[in-house]
Amino acid sequence: MAQERAHEDGQQHPIKLYLVVWGWLFVLSTCSYLVDYFGLEGYLRWSLILLFMVVKAGLIVAIFMHMAWERLALMYAILVPPGAVLLFVAIMAFESDYTHFTRVTFFGMGNASAQNQTVEYQKSSGSER
Amino acid sequence: MTDSAPPNTLEARAHPGGWQGFAADWSSDQRAFKSATWGKAMIWIFLLSDTFIFSCFLLSYMTVRMSTTAPWPNPSEVFALTIAGRKIPLILIAIMTFILISSSGTMAMAVNFGYRRDRVKCAVLMLATAAFGASFVGMQAFEWTKLIMEGVRPWGNPWGAAQFGSCFFLITGFHGTHVTIGVIFLLIIARKVWRGDFDSGRRGFFTSRKGRYEIVETMGLYWHFVDLVWVFIFALFYLW
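Line by line, the protein sequences are chains G and A. This note's numbering numbers the first residue of the first sequence as 2 and each following residue consecutively. This note's numbering numbers the first residue of the second sequence as 796 and each following residue consecutively.
Hints are computed from structural coordinates only; laboratory data are not their basis. A few of these clues could be false.
[Said to hold, decoys possible] Which bits of chain G does chain A cover? Going by a derived footprint, with three or more residues having C-beta under 8 Å, they are:
id	stretch
1	18-31
2	76-84
[Claimed, not checked] Heads up, simulated BS3-like pairs for lysine-lysine below, C-alpha to C-alpha not over 27 Å straight-line:
id	chain 1	residue 1	chain 2	residue 2
3	A	K835	A	K941
4	A	K1005	A	K835
5	A	K882	A	K1005
6	A	K941	A	K829
7	A	K916	G	K17
8	A	K835	G	K17
Where is the CB? At the ideal position from N, CA and C, for every residue including glycine.
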């Protein structure tokens, strides 16, 4: 019963905490916008974008969504399964790399030679009939 | 308790086997999430499933973008706006990002005031959140209109890889739908808070049950999630 009561009252944190997080989210968003504004390129761009993204996501989940104050049972139940997505990302990165490779090989082999091969294939299969 | 306990102990009777046991196990008073009510546990599990939906969208976007041989349209230029004769890259998206973050801030405070039983502040902050959300959807409608006028379609666009349009409409469309649903529910719950339903014990029109201030936090979790998804869309679709 006492526990039920505690749920009813919910979590109490000072408003200042939310304002500080709000401010940080603004700063981080500005930073990631500036990455684009100044046109940074290559690994620097990607690492900065991903860094700001992860920190923002972390702040929202931990503070705004109160995950930081939940018990481990809930944290793991919610935060571990998305890890499977990372595996999925890795699989699809390999897969799309391969697709890209085959496309470049076929489309970009010099169109002439690719077409010649197709024509030859059609000829040979035609002569068999 | 010893290992060699005979089957007909209190323990065994408390946990019957077969269908009876199956039903008993799922209906019995067992709680995995001690710090969360069923409402909070269920909204988190819903959000987890939603995470997978958006993950699949972003994953398919990654896959087509990595595998296409056509050049990908540069989002920095596609989403640029000309303001006062000057072309500013991605400015509308930046404004939308700040609006959504602000709405998350007001929502977080609304949850706090809800638990303090401060009806008026809670309702006003929820209405502010809804207003931010509605303006976000409005800007998105503007952005869609602009792109459609410029010839972007799910099957092609003037600047490069045809997959750009389908990814854009799918991802932002689904996110916009989430925001719209959020705004509708924010208005419904703000009304209930304003009227004092959770103090007077007035029964809900749909569930016929008494509500609790916890619904404000449930609403907040959904809303923060919408903001969270935007963080990923902003980084991976617009900035990448």
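Okay, the hints, checked on the actual structure:
Counting residues of the stretch 18-31 of chain G whose beta carbon lies closer than 8 Å to any beta carbon of chain A gives 7, which reaches the threshold of three, so the coverage claim holds. Requiring three or more residues with a Cβ within less than 8 Å of a Cβ of chain A, the coverage given for the stretch 76-84 of chain G holds, as 4 such residues are present. With a CA separation close to 39 Å, the supplied pair A:K835 and A:K941 exceeds the 27 Å bound. Note on A:K1005 and A:K835: the hinted pairing holds, with a Cα-Cα distance of about 17 Å set against a maximum of 27 Å.
Simply put, A:K882 and A:K1005 have alpha-carbon atoms about 54 Å apart, too far for the 27 Å limit, and the pair is violated. Distance check on the hinted pair: A:K941 and A:K829 sit about 49 Å apart at the alpha-carbon level, beyond 27 Å; violated. Taking the CA atoms of A:K916 and G:K17, the gap is about 16 Å. The hint holds against a cut of 27 Å. Under the criterion of a C-alpha separation no larger than 27 Å, the hint pairing A:K835 with G:K17 is consistent with the structure, at around 24 Å.
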